[in-house]
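Chemist: One letter stands for each residue in the lines below.
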Amino acid sequence: MDISFIPHWFFGLDVIFELAFAIITFLVAMYAFRVSKISGQNQPRLFGWAFIFFSISYLIQSFFNFAVISKVGESICNSIKVQSVSALNALGMYFYMIFFMIGLVTLTYMTLKIRSPKTYLMVLAISLLSIIISLNKIYLFYFLSSLMLIFIVSHYVGNFYNNRKGKTLLVLTAFIFLLFGHIHFLISVNHELFYVIGHFFGLIAYFLILINLILVFKNGKKTK
Amino acid sequence: MAKKRNRLQVIHDILKVIKEKNGKIKPTHIMYKSNLSHSMMEEYLGELIEKGFVIEKKEAKHKTYTLTEKGFEYLQKYRFITEFSDSFGLTIE
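Residue numbers (the working numbering), protein chains in the order written: chain Z, 1 to 224; chain G, 1 to 93.
Simulated from the structure, these hints should not be mistaken for laboratory data.
Be a bit skeptical, because a hint or two may be false.
To be verified - Below, computed lysine-lysine pairings styled on PhoX-like, alpha-carbon distance capped at 25 Å: (1) 221/Z to 70/G; (2) 70/G to 37/Z; (3) 77/G to 221/Z; (4) 218/Z to 16/G; (5) 4/G to 167/Z; (6) 70/G to 19/G; (7) 19/G to 77/G; (8) 77/G to 165/Z; (9) 221/Z to 16/G; (10) 51/G to 70/G; (11) 77/G to 58/G; (12) 218/Z to 77/G; (13) 221/Z to 21/G; (14) 167/Z to 77/G; (15) 19/G to 218/Z; (16) 37/Z to 33/G; (17) 4/G to 113/Z; (18) 16/G to 165/Z; (19) 221/Z to 51/G; (20) 4/G to 165/Z; (21) 37/Z to 4/G; (22) 4/G to 33/G; (23) 19/G to 221/Z; (24) 77/G to 37/Z.
Claimed, not checked - Pulled a few chain Z residues facing chain G out of the computed Cβ check, cut under 10 Å: (25) 87; (26) 110; (27) 156; (28) 217.
Cβ atoms here follow ideal geometry from the backbone N, Cα and C, with glycine treated the same way.
Please take these sequences and the hints and turn them into a complete structure.
Modeler: Below, the structure is given as structure tokens:
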């Protein structure tokens, strides 16, 4: 990946954004695991794992982007024998795509409500292998992730239709922003502005998810 | 047509009925108010007693049921579970 489409003024800010995404997704995962533990249900566990993988992907992206702008990058390049910080950035993007894709496949599998580990593994293998062997990895990644996000958004449209409340609308809106954030990358590979817009879409999406999480925490503590 | 209640919901409904009666209720009231057959209610109550959510007291001619601290905790946890699962579109069976 060429880092030239990241505007210079955005170096550093993207690291903060990604770190915030990692923290929020980690919190969602922890809540989901708590729900799974109390209820003994599988769906919240899958949801939790999906968000754990999102969190790992953002953490890795944040770390590598930080390495690019700091002196840490040079020492990492020397120790793992990578030619330039640009290659280091590409490595970060590579790990990000893999972990994010695992999270998305897990989330899509959860929303489809099918109980077939073989189907899950097959979709996961197809998604990951096609990205790994593709000549245009980034484009394919954003194409596949947009496709999966369309399925996820349709699940949340159904959820909102069945349960018309503010909290379901918040989550639906969050996933629509995530979808926009991914779709726009398909037309933005050579444009600096779109990299920034993608991060802002992500920020809005995770901010909405955080608001929902706070509401769940507050309402969950109320006693009728 | 109303959706079939899942196991967690039935347990919640029984505990809620007991709570609403100030923690002391006869089995027939539980049966009617939580909309269960006699055999189902017996099964659920047996489990709730075994898990320490409910205490059974035998009085002169009838039994009464009271909620324990663990039972109150369950009601709060159930609220948390439904809040989270509803908003994030998760199905609790």
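Chemist: So which of those numbered hints doesn't the model satisfy?
Modeler: Numbers 11, 16 and 25, in rising order.
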